[in-house]
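K.L.:
If you want the building blocks of each chain, they are given just below.
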Amino acid sequence: MRIKISAYGDLKFYTPGKTGLIDMEFDAPNKLSDILNAAGIPLEYLGPVTIGEATASLDRMIEDDSDIHVYPMASGG
Amino acid sequence: MPYGYCGKLLRVNLSTTEISTEEIPEAVMRKYLGGKGLITYYLMKEVDPKEDPYSDKNKLIFATGVLTGVPVPGFIRFAVGAKAPTTNGYGQSEAGGFWGPELKKAGFDAIILEGKAASPVYLFIKDGTAVLKDAFHLWGKTTEVAQDIIRNDNNDQAIRVAQIGPGGENIVRYACITNELKHFNGRCGLGAVMGSKNIKAIAVRGTQKIDYFDEEKVKELARWYNEQMKNSPLLYGLHNEGTAIFVNPLNAGGVLPTENYRKGYFEQAKNFSGPTINETIFKKREGCLGCSVRCKHVVEIQQGDIKVDSRLGGPEYETLGAFGSLCGVGDLAIIAKAGELCNKNTLDSISTGVSIAFAMECFEKGLITLEDTGGIDLRFGNAEAMLKTVELIINREGIGDLLAEGVVKAAEKIGPEAAQYAMAIKGQELPIHDPRGKLGVGLGFAISDTGADHMQSMHDGVLDKDNFHFRAMKTLGLEETISPLDTSEKKVKQFYLLQKVWGSFNSIGACVFTPAPRGFLTFDKLEVLFNAATGWDMSLYEMVKATERAFYMSRLFNLAAGFTAEDDRLPDRFHQPMQNGALEGSFIDREAFQNMVRMYYELSGWDRITGYPKKWKAVELNIEQEILENPVYNQYIVQ
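Which chain is which? The protein sequence lines are A and B, in order.
As numbered in the working numbering, residues 1 to 77 make up the first sequence, in order.
As numbered in the working numbering, residues 1 to 639 make up the second sequence, in order.
If you are wondering where the hints come from, they were derived from the structure by calculation, not from laboratory data.
From a predicted model like this one, the values you see are computed outputs, not experimental measurements.
Do not rely on the hints blindly, as some may be mistaken.
Stated by the list, open to error - Below, simulated EDC-like cross-link-like pairs (lysine to aspartate or glutamate); rule was C-alpha separation at most 20 angstroms, straight line:
no.: 1; chain 1: A; residue 1: LYS18; chain 2: B; residue 2: GLU227
no.: 2; chain 1: B; residue 1: LYS465; chain 2: A; residue 2: ASP59
no.: 3; chain 1: B; residue 1: LYS270; chain 2: A; residue 2: GLU53
no.: 4; chain 1: A; residue 1: LYS18; chain 2: B; residue 2: ASP305
Take the sequences, apply the hints, and build the full model.
P.N.:
Here you go:
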């Protein structure tokens, strides 16, 4: 199962070369939160997560190849 | 000898041209901290709350904070205050940049402008001296032109200029003040007050050194901060994308205000998001004086029909949202151009965008027609129409003359049906945030002393997990993380504490991005910095109490100006379901929200129903006897 993660804002800091992109392979379905943990994305700084155009819960099981978008918590100003 | 500040106020009577210097006693500076606090102190003493904002009896107060100019990133801000044109009540707005520290280096903490000049003038301040100069040749000039002329006329390219452009001169009700062309006291219409007084600019040159009690300690903290900046993710996004960083997460979370706040998701938001700007029109990264965060992203467009001048900076999040999703526009070049026009003509881009979105919805509902718009097809999504309307507002031409008064006054003229589309609180247009997804921000909108304001406190979404931001706030008594959608008393307490922290920053002259809870400088380090700069023994508790004092006083000012508890409310739209996005169907329960407002009153020491401040709180906060005995105010103080 191929997982592509696009990280935005502060979360880019945690991606290789701060590119905002992570590509990972998983042998079996995994919970979204476990996938993000494995990718090194700190959940305590995580805002909305979307798969496709829809918001995804961290409890969601990811069973297929997926494009996951992770956003930082947004303050404003 | 004062450390960190000057202890001097410059008073300029524009009617008589008399200029004088007054001492600001240490006791006053310590009690009010500068900025918002000092403005509130002088406004309460010197301006009748019922005065017309454009009267020569209104006063325009510029005040630095006690820490403005301290060489640690973010300590550069200053505030401007007056009776506000937007709300007809208490007005105050802060800006970063370079002008505040320059004023201090010129020997002054604050300036009070009173009266009205007979013809256009500008004030030139240099190292303890001040003179009014003719500004007839500057009137009508956009800001980048006027700044060049002022610097050339005085043979000094290092002069810092705070000024208004034609929007302020034309007394657009929400005109703002800019310094260094890119930094804005954006809200409350203070640029219109400046225009009403016929003062184009305050040009400042200061070469004096600001003394600190323990200069080595101040430098040590500055070095520490800059080291943190190199290695921490905390401010990485702001550095990398500027405030445009907020576009994508707010859209994904369903709280990017779209089509005059009826929706929370905009399909074309990616077009004006941080990453897209970086890949397209980004030119360079800039910052305020001495700041390593450098969140100011300058843009430039040289090709094609739309040109955008990089001297005027670049669109911040609020500008992107106001001219983008709020108007249904996804054309980045036109959004950037609308921002540039606001910047060089000194219009508040928030109020401008909200006013146009309001007109677009009125147009859609048939409340205004092509005849009213002068033939402009003012549909949501019509980028060219949006841009044309910005120009009309600047010059108060056609439909622009109506919209230059803001949405509440425009709705009064259009007719009763238009009121439901006027997204404002206490007369001030809403910032580009949807409270249906952040109840703390909504509470801030409703109870703000300056009308709808997104800078009342840190936004709730950042404090719903056990992270650095939350842990920083534990010092003040936050015990658990709270959902942005929570409406409980715990949520109100969270907001109350955050508001006092950010309010303190408005007084001392700090940017909200650099100290905790947003940035690295935790409260213990902030106390160390404060005391190293001033030599005082200031605690966070004393800072928070100073802020509570300012809010208590501004509440009295607003009550005396005619506001009541009825004005501490959200527009009806937020009690109706969101039309799309991740929060589709969400709305704010009226009763739950009313209870939040009442709980806020109680935490503030105000009456739960009327919102009148209580006497015991005045005693606790050492409110000035002069205020307590003034019948204008004491009729609103209850047992």
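K.L.:
Please name the hints from earlier in the document that this structure breaks, with their numbers sorted from lowest to highest.
P.N.:
4
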